[in-house]
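Participant: Spelled out from the first residue to the last, the chains are:
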Amino acid sequence: MTGYPTTWRRPPQIVTDRRWRIVLTVAIIAYLLIGMGSVEVNWARMMEGGERGLRFVYGFLQPDFTSRWKDISNGLIESLTMTLTSTVVGVAISIPIGIGAARNLAPPWVYYICRSIIAVSRSLQEIIIAIFLVAMFGFGPFAGFLTLSFATIGFISKLLAEDIEDIDEAQAEAIRATGASWLQLVHYAIQPQVMPRLIGLSLYRLDINFRESAVIGIVGAGGIGATLNTAIDRYEYDSAGAILLVIIAIVMVAEYSSSYLRKFLQ
Amino acid sequence: MLTVTDLTKTYKTGDKALAEVSLTVPKGQVVGLIGPSGAGKSTLIRCINRLVEPTSGKIALSGAELTGLGPRALRRERRRIGMIFQEYALVERLTVMENVLSGRLGYVSFWQSFTRRFPSADIERAYRLLDRVGLMEHADKRADALSGGQRQRVGIARALSQEPELLLVDEPTASLDPKTSRQIMRLLIEICAERGLPAIVNIHDVPLAQQFMQRIIGLRAGRVVFDGPPEQLTESVLTTIYGAEDWTAMRKDGEADRVAEAEAVARLAMISA
Chain A
1 MTGYPTTWRR PPQIVTDRRW RIVLTVAIIA YLLIGMGSVE VNWARMMEGG ERGLRFVYGF
61 LQPDFTSRWK DISNGLIESL TMTLTSTVVG VAISIPIGIG AARNLAPPWV YYICRSIIAV
121 SRSLQEIIIA IFLVAMFGFG PFAGFLTLSF ATIGFISKLL AEDIEDIDEA QAEAIRATGA
181 SWLQLVHYAI QPQVMPRLIG LSLYRLDINF RESAVIGIVG AGGIGATLNT AIDRYEYDSA
241 GAILLVIIAI VMVAEYSSSY LRKFLQ
Chain B
1 MLTVTDLTKT YKTGDKALAE VSLTVPKGQV VGLIGPSGAG KSTLIRCINR LVEPTSGKIA
61 LSGAELTGLG PRALRRERRR IGMIFQEYAL VERLTVMENV LSGRLGYVSF WQSFTRRFPS
121 ADIERAYRLL DRVGLMEHAD KRADALSGGQ RQRVGIARAL SQEPELLLVD EPTASLDPKT
181 SRQIMRLLIE ICAERGLPAI VNIHDVPLAQ QFMQRIIGLR AGRVVFDGPP EQLTESVLTT
241 IYGAEDWTAM RKDGEADRVA EAEAVARLAM ISA
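Protein sequences appear in the order of chains A and B. The numbering of the first sequence is full-length UniProt numbering, which starts it at 1 and goes up by one. The numbering of the second sequence is full-length UniProt numbering, which starts it at 1 and goes up by one.
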């Protein structure tokens, strides 16, 4: 048998008309060029910036842990306290909200309330909440603790709710068929299925919270971020370098230990 | 005794899964429910314990009406109906013992079940049932560590720990090999006979149904089209239930399975002798 084609090309999946494809490609390239043209670049300032950047890098290369060690250790302890308490409180509040935001467990009105709590928590960036809470409760770690707890609720509840919606329904049906109550259903059929992931997410959130605590400290919410901000304001790049190195070290330790723990829990 | 009268289920999509199904299952009778996929077998047994809400009709278990009950009363009635599932539906991450004890959830308070402090009678019953299904030494293993046949035995023990008055069995052998399927069916039949327990078994393996069931109900498009002893399940009846097909080929397959099983048993006996 002959006469079959010997070449084959994958047919275009999105825009099937060749002319439209050309028009779209040209339009995108033109938009990109015009867009890049509109960015104003001050080359003189950039040259100067390079020098400042180098000073920062030198600070990194010669980190000074000693002269501000008291400030650093205080900031660190504050940050770690903030991180741990906000994660514990945030996760504790997230569990009922996450259960309520799971379509297969909650009645529609509870579902919509819980989903809107999650939406509010997720749509506000940590820094914005931190600025707001610092204005309300003053400078210091309490505002930071509230900010991180609030952010944790949006994160954990949403992912927990999605995990609950993805469970194996057959197991839940089997428990329901025994005459179990709603609470027993949650405890016997849902919890065993979502527990490993909930623990994994909480550990992940713990290290996100630590990193965020460094950021929100810059707007006055206490912790190591506040120390870092002070060091940069004083042009003490060597101390700032030391602080950044400490943050990186702690994040790495948290990262490795949490991934190890998660593997162990599976 | 279970009485189902004019049971009808219409899904929201407008599909009529069951149309005026009526049947009576006396004490101790094991009924096989056969029919093509989508005939409403699964819907029928789920309507009985109201995991699926029937649209109309009545269901009574030894005189007690099951339709129209509120949530609390429904949970109390569900305790009297044990259910065994396709693909076992064990809670995989709980231990075998916890799975068996979960059959008692309808009888204990939330706090008792939360702290795993079940009454000693429940624990004794759970061990007795595990011994009955031959899994005594697996009590503390996690359910996902067991093989398919073992998991289905746990499923049976869980249903029995409810001390049910009726067993609903949904495709108990769909994911098991032919030999394990027969062992599980045999165990089910024995247990029903021991306790005089009526059962409705959804099954799509016709030879298996003929081999083990005392009575067969054929369902097609939500209607009962056959109800009688397995001997009356002739080729023309099967054609009414499933549509035209070469039934002799299927029978031969079933025969081949049985021969293979007999050979395997004989070989095992020789090895152990």
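Check before you lean on any hint, since a few could be wrong.
[To be verified] Some chain B residues close to chain A (C-beta under 10 Å, calculated; not the full set):
1) Val25
2) Pro36
3) Arg80
4) Glu87
5) Tyr107
No lab work stands behind these hints: they were computed from the structure. The beta-carbon is built from N, C-alpha and C at its ideal position, and this holds for glycine as well.
Participant: Confirm or reject each hint.
Facilitator: Checked hints:
This hint is violated: B:Val25 has a C-beta 18 Å from the nearest C-beta of chain A, more than the 10 Å allowed. This hint is violated: B:Pro36 has a C-beta 22 Å from the nearest C-beta of chain A, more than the 10 Å allowed. With a least beta-carbon distance of about 8 Å to chain A, the hint placing B:Arg80 at the interface is held under the 10 Å criterion. A hinted interface residue such as B:Glu87 counts as satisfied when its beta carbon comes closer than 10 Å to some beta carbon of chain A; here the least separation is about 6 Å, so the hint holds.
Checking B:Tyr107 against chain A: minimum C-beta separation of about 8 Å stays under 10 Å; hint holds.
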